[in-house]
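Asks: For the protein sequence lines, the chains are A and B, in the order given.
Each residue of the first sequence is one higher than the last, beginning at 117 in our numbering.
Each residue of the second sequence is one higher than the last, beginning at 21 in our numbering.
Because the hints were derived from the structure by calculation, they are not lab data.
For every residue, glycine included, the Cβ atom is placed at its ideal position computed from N, Cα and C.
One should not assume that every hint holds.
Derived list of chain A stretches under chain B, where covered just means 3 residues or more per stretch with a C-beta under 8 Å from a C-beta of chain B [what the hints assert, rightly or not]:
#, stretch
1, 248 to 255
2, 266 to 273
Quick list of the computed label-pair ranges, beta carbon to beta carbon [stated by the list, open to error]:
#, chain 1, residue 1, chain 2, residue 2, range
3, A, 348, B, 227, 43 to 49 Å
4, A, 344, B, 55, 46 to 52 Å
5, B, 174, A, 311, 54 to 60 Å
6, A, 346, B, 174, 19 to 25 Å
7, B, 127, A, 346, 33 to 39 Å
8, B, 98, A, 196, 50 to 56 Å
9, B, 73, A, 124, 51 to 57 Å
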Amino acid sequence: MLRYANPANFLRLAGFLIPPLAVVTAGLLAVGLYLAVLAPADYQQGETVKIMYLHVPAAWLSMFVYIVMTASALGTLVWRHPVADAAQKAAAPLGAGFTFICLATGSLWGKPMWGTWWVWDARLTSVLVLFLLYLGLVAVWQTFEDQGRAARAAAILTLVGVVNIPIIHFSVQWWNTLHQAASVFRMGGPAISRPLLWPLLIMAVAFTTLFLTLHLMAVRNEILRRRLRRLSILEASAAETPIATTGGFADALARN
Amino acid sequence: MNALGALFRRDLRVGRRLGGGASMGVVFFFILIALMPFAIGPDLNVLSRIGPAILWIAGLLATLLGLDRLFQSDRDDGSLDLLLMSRTPGEAIVLVKCLAHWLLTGLPLVIATPLFGLMLGMSPQALWQTTASLAAGTPALTMLGAIGAALTVGLRKGGLLMAILILPLCVPVLIFGVAAANAGQGNPVPFLTPFLVLCALSLAAIAGAPFAAAAALRAMNE
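From just these sequences and the hints, can you work out the full model?
Replies: What follows is the structure in structure tokens.
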């Protein structure tokens, strides 16, 4: 883990992992969506049950991304891990995106099934709070000019907001409202029949690899953006002092 | 202990003498409540039914918007550096500053609540329940707001960012506060259940938030 605190090591690892991950993601998404289309319709819900294949993986990912961000926040605060800063920054918009997919598909599913786009029940409200937390974190990254300070501010806020994750998970057990209880990860095995469960699990894995691919790419971009910024500052300061030779910086640019 | 006592007395004195901090919070609270009948209409039946919610929303906004100066003035005049470099733990400093701030801004809101509730046509039972729930809930709002104030210390446009960061975290306090204030009037929930949860939220915030706020102050003041 600490070996990849060196951004150069991380860039090598990311360059090695991104192409196969992208291929696996595309394959899993194709297979998962194909199986989801073929999956039998529910006897009560009809074809609308297929919204589940986007809604449920997005909901899992919305929490998984927050946990990844919490681990990165610990990396920032405890070890001052430079890649952890970039990992936090890259995860916030991705988490907001997955949470938005979860809320939007849930709303589209709710209209035919519950007869309403939105209800203020515990599960929906706590996921909405998660979405607002992600937006707040994105706002932090945009507001602070000094990215080191932004990383520490975002890390503290992430750690405070992590109390919401167990609330989301248990909200359907503590408050019995419109949203159904957990039916995959529960005592006594899944309550979904096999033909509907398989495409769901494949889609969940596909969403996870999709996140990993996008996250690695975004972290790599963030590291390169910082390097570019530093190099342009160096070059600007070199241009001001005629003693320094600019050749060294051009070499450095070429190496990167 | 002596240093904390001195800090407490200093904050009370500065808060009372400068900028009219305490009275401005109550005036803002009053204006928010006075705006509601214009927006909703002067029907006292409607106002008395949603009165607890109006008082809670107004209390939440007045508490949070008053907090953006909690650490900012100390940072501007340099005393925040001295406080953080002293041997007194930052967590205790945050707690003492929040206590002084709550006494100056939170407590006047609680005291003014029955009076403003009367203007909304609320029943005596709703009045005392709202007052009690605000008394139990505003410490949690102050402590959560302190985290936001510490995170945005030194930012020029920190006020709006602080509201965006902290308001989502205030949702549980608002839920249980309004539930306690509305209890007993056709609601099956007894007053004590949400009220005790609200007290628990406040105690948890008092115990936990100083650590987050002090960590944020140290990180932001580097």
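Asks: Look at each hint and say if it fits the structure.
Replies: Comparing the hints with the structure gives:
1. 248 to 255: holds (count 5)
2. 266 to 273: Since 4 is at least three, the answer is holds.
3. A:348 x B:227: 43 to 49 Å: 47 Å, holds
4. A:344 x B:55: 46 to 52 Å: Hint holds: Cβ distance 50 Å, inside 46 to 52 Å.
5. B:174 x A:311: 54 to 60 Å: 58 Å, holds
6. A:346 x B:174: 19 to 25 Å: Check passed, 23 Å falls within 19 to 25 Å.
7. B:127 x A:346: 33 to 39 Å: For residue 127 of chain B and residue 346 of chain A the Cβ distance comes to about 51 Å; the hint is violated.
8. B:98 x A:196: 50 to 56 Å: Cβ of residue 98 of chain B to Cβ of residue 196 of chain A: about 27 Å, so the range 50 to 56 Å is violated.
9. B:73 x A:124: 51 to 57 Å: 56 Å, holds
Of the hints listed earlier, those the structure fails to meet are numbers 7 and 8, in rising order.
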